[in-house]
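Taken in order, these protein sequences are the chains called A and B.
Just so you know, we're using my numbering here: the first sequence kicks off at 1 and counts up by one.
Just so you know, we're using my numbering here: the second sequence kicks off at 1001 and counts up by one.
If you're looking for bench data, these hints aren't it; they were derived computationally from the structure.
Values in this document were obtained by computation on a predicted structure and should not be read as measured data.
From the three backbone atoms N, C-alpha and C, an ideal C-beta is built for every residue, glycine too.
Check before you lean on any hint, since a few could be wrong.
What the hints assert, rightly or not - Each computed DSS-like pair below joins lysine-lysine, with the alpha-carbon atoms no more than 30 Å apart:
no.	chain 1	residue 1	chain 2	residue 2
1	B	Lys1049	B	Lys1111
2	B	Lys1202	B	Lys1232
3	B	Lys1056	B	Lys1078
4	B	Lys1078	B	Lys1171
5	B	Lys1174	B	Lys1157
6	B	Lys1034	A	Lys265
7	B	Lys1171	B	Lys1067
8	B	Lys1198	B	Lys1094
9	B	Lys1057	B	Lys1142
10	A	Lys29	B	Lys1221
11	B	Lys1038	B	Lys1174
12	B	Lys1219	A	Lys29
13	B	Lys1094	A	Lys265
14	A	Lys265	B	Lys1038
15	B	Lys1056	B	Lys1157
16	B	Lys1202	B	Lys1111
17	A	Lys29	B	Lys1049
18	B	Lys1034	B	Lys1198
19	A	Lys265	B	Lys1221
20	B	Lys1053	B	Lys1142
21	B	Lys1232	A	Lys265
22	B	Lys1142	B	Lys1171
23	B	Lys1219	A	Lys265
24	A	Lys40	A	Lys218
25	B	Lys1078	B	Lys1038
26	B	Lys1232	B	Lys1189
27	B	Lys1202	B	Lys1142
28	B	Lys1067	B	Lys1202
29	B	Lys1219	A	Lys256
30	B	Lys1019	B	Lys1142
31	B	Lys1019	B	Lys1189
32	A	Lys218	B	Lys1078
33	B	Lys1019	B	Lys1111
34	A	Lys265	B	Lys1198
35	B	Lys1019	A	Lys125
36	A	Lys256	B	Lys1221
What the hints assert, rightly or not - Distance ranges between label pairs, derived from CB positions:
no.	chain 1	residue 1	chain 2	residue 2	range
37	B	Gln1080	A	Ser15	32 to 42 Å
38	A	Lys131	B	Gln1080	32 to 42 Å
39	A	Lys29	B	Asn1012	52 to 62 Å
40	A	Ile16	B	Ala1148	19 to 29 Å
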Amino acid sequence: MNTQKMTNNVIKERSIEQILEEHTHTVGKPFCENPKIRAKGVDVFYDDNQAIHDVSLDIDRNEVIALIGPSGCGKSTFLRCLNRMNDTIDICRVSGELLLDSYNIYAKNQDPVLLRARVGMVFQKPNPFPKSIYENVAYGPKIHGLTNNKAELDYLVEDSLTKAGLFNEVKDRLDAPGTSLSGGQQQRLCIARTISIQPEVILMDEPASALDPIATAKIEELINDLRQNYTIVIVTHSMQQAARVSQRTAYFHLGKLIEVGETDKIFTNPEHELTERYITGRFG
Amino acid sequence: MDNIEFNSHTSNEYNQELKDIRSSVLNMGGMVEKQLQKAMQSLLQGNIKLARKVIKKDLGINAMEIKIDEECTQIIAKRQPAASDLRLIIAVIKSITDLERIGDEAEKIAKCAQYLISETYNGEYYSELEALSTLVSVNLSKALNALARLDAEEALKIAINDEIIDTEFEKLNKEIISHMSSNPIELEKTVRLSWAAKALEKIGDHTKNICEYVIYLVKGKDIRHADLNAIKEEYF
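Using the sequences and the hints, build the whole thing.
Set out below in structure tokens:
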């Protein structure tokens, strides 16, 4: 019985490797006209290990694109290239072309801090500053000098909290510590903090994986609302979440971008065998 | 994505659930095939006992439809199937509705048989009816094979074949109608004959539907209400 199982697994593994070897280009529709972000031939190395292989992908304006794939497939690494979060890792090297509008993200004279004001990020675990709810949201606009006086700042804080769907829940306790909120509220606070500096793109790395189903539903609802004004790239392990919130889905496997397509199609009739295997739970 | 394997999920329990559902559908298909065969046999051989058996057995088919539906609901709730798994569940839910209706049509034939036997009908047009039922049975059996083997190409051929059944039915029905007008005394009996022929034609339609679900399952293309010959050119 055990031998039989092991043999089957070996056969399965081999065939996936074979499929990957034969894989030469991303299937589906990785490109679009006038994208917000364009990645062309992006490679990422951690020392000598290549984590991302020749990824080319356009991210359209005002779309939610979901990056999915098994652990270690490079989806988070790719996400972190989009606002140079990988710069914080010494051994990480990025090559290829990454454009925000027509602007080179990795240009030598590019200030990563200013870039990250345009391309904001929300992380897996809510990470509010150890400050009040108000200060969490006001901090970014203050250091970027986005407002001229207290009234403007107050308005911006309220507006950001409202857009993040949190204002009504916290309006009576803006001075309370951000960390006093529930997990779901903290995550929405982090989203408000991201929006407050008026970014163009929001990157989300598993934004709801530490939250309960109701808090998750609120975040998903929020993502849908935010799409009106922002371009959103979300990494998620939840296939249902990708299916619910995104218009396009990109499937990564072992550092390669295997398939990109309309979410409706990816989850009912994907083109690539690996995508099919992953979304139907066939990796063992 | 023509190579679909339903037994390679990480979860063995899920593999088993999908396997069970597939075998339940094929079981139901087998039962329905037998119902058709026996209903025709009761008519052609004047076997009223067999006709009654067919009518009674239809309850079992109805129960099977409900059971498979429930299993599909459970899989959707527990597994949130995607891609080919999702298409399998959708194809199953739809196929069993058609199978259940084929069962109903077989029951109708058995009821016609009951009447015709009790009225000692002389058996005129029985051979034509038998020829039509052979076409229908062969198509149904092939469609169930295509479903078992996930053979979209064969399914398309069978679906296209339904035209032959429709033509043969029209031909037979015209003859029956002209018999009605020339033998008004036998009207009630010939009406039953026409009903039986219509039931066979409907079974043909349900068979065609099942073929369309097989193509949806395998190719991911919804080909209902489309020109099948154009589909053949495009996808096969």
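Evaluation of the provided hints:
1. Lys1049/B with Lys1111/B: 11 Å, holds
2. Lys1202/B with Lys1232/B: 23 Å, holds
3. Lys1056/B with Lys1078/B: 35 Å, violated
4. Lys1078/B with Lys1171/B: 50 Å, violated
5. Lys1174/B with Lys1157/B: Holds, because 27 Å separates the two Cα atoms, which is no more than 30 Å.
6. Lys1034/B with Lys265/A: 39 Å, violated
7. Lys1171/B with Lys1067/B: The given pair, whose Cα atoms are some 39 Å apart, is violated under the 30 Å limit.
8. Lys1198/B with Lys1094/B: 22 Å, holds
9. Lys1057/B with Lys1142/B: Measuring from Cα to Cα gives roughly 23 Å; hence the hint holds.
10. Lys29/A with Lys1221/B: 19 Å, holds
11. Lys1038/B with Lys1174/B: Measuring from Cα to Cα gives roughly 26 Å; hence the hint holds.
12. Lys1219/B with Lys29/A: Roughly 19 Å separates the two Cα atoms, so the pair holds.
13. Lys1094/B with Lys265/A: Between lysine 1094/B and lysine 265/A the Cα gap is close to 20 Å, so the pair holds against 30 Å.
14. Lys265/A with Lys1038/B: Violated. Lysine 265/A to lysine 1038/B sits at ~44 Å, over the 30 Å cutoff.
15. Lys1056/B with Lys1157/B: With a Cα-Cα distance of about 34 Å, the restraint between lysine 1056/B and lysine 1157/B is violated, given a limit of 30 Å.
16. Lys1202/B with Lys1111/B: At roughly 16 Å apart (the allowed maximum being 30 Å), lysine 1111/B and lysine 1202/B satisfy the hint.
17. Lys29/A with Lys1049/B: Cα-Cα ~62 Å, so violated.
18. Lys1034/B with Lys1198/B: 19 Å, holds
19. Lys265/A with Lys1221/B: With a Cα-Cα distance of about 11 Å, the restraint between lysine 265/A and lysine 1221/B holds, given a limit of 30 Å.
20. Lys1053/B with Lys1142/B: 25 Å, holds
21. Lys1232/B with Lys265/A: 22 Å, holds
22. Lys1142/B with Lys1171/B: 24 Å, holds
23. Lys1219/B with Lys265/A: Within the cut-off at roughly 12 Å; holds.
24. Lys40/A with Lys218/A: 34 Å, violated
25. Lys1078/B with Lys1038/B: 39 Å, violated
26. Lys1232/B with Lys1189/B: Violated, at about 42 Å.
27. Lys1202/B with Lys1142/B: With a Cα-Cα distance of about 16 Å, the restraint between lysine 1202/B and lysine 1142/B holds, given a limit of 30 Å.
28. Lys1067/B with Lys1202/B: Roughly 24 Å separates the two Cα atoms, so the pair holds.
29. Lys1219/B with Lys256/A: Holds - the C-alpha atoms of lysine 256/A and lysine 1219/B are around 26 Å apart, at most 30 Å.
30. Lys1019/B with Lys1142/B: This hinted pair holds, its Cα atoms lying about 20 Å apart.
31. Lys1019/B with Lys1189/B: 46 Å, violated
32. Lys218/A with Lys1078/B: Holds: lysine 218/A and lysine 1078/B sit about 22 Å apart, inside 30 Å.
33. Lys1019/B with Lys1111/B: Measuring from Cα to Cα gives roughly 35 Å; hence the hint is violated.
34. Lys265/A with Lys1198/B: The given pair, whose Cα atoms are some 39 Å apart, is violated under the 30 Å limit.
35. Lys1019/B with Lys125/A: Violated. Lysine 1019/B to lysine 125/A sits at ~39 Å, over the 30 Å cutoff.
36. Lys256/A with Lys1221/B: 28 Å, holds
37. Gln1080/B with Ser15/A: 32 to 42 Å: 25 Å, violated
38. Lys131/A with Gln1080/B: 32 to 42 Å: The hinted range 32 to 42 Å holds for lysine 131/A and glutamine 1080/B, with Cβ atoms some 40 Å apart.
39. Lys29/A with Asn1012/B: 52 to 62 Å: About 35 Å separates the Cβ atoms of lysine 29/A and asparagine 1012/B, which means 52 to 62 Å is violated.
40. Ile16/A with Ala1148/B: 19 to 29 Å: The hinted range 19 to 29 Å holds for isoleucine 16/A and alanine 1148/B, with Cβ atoms some 27 Å apart.
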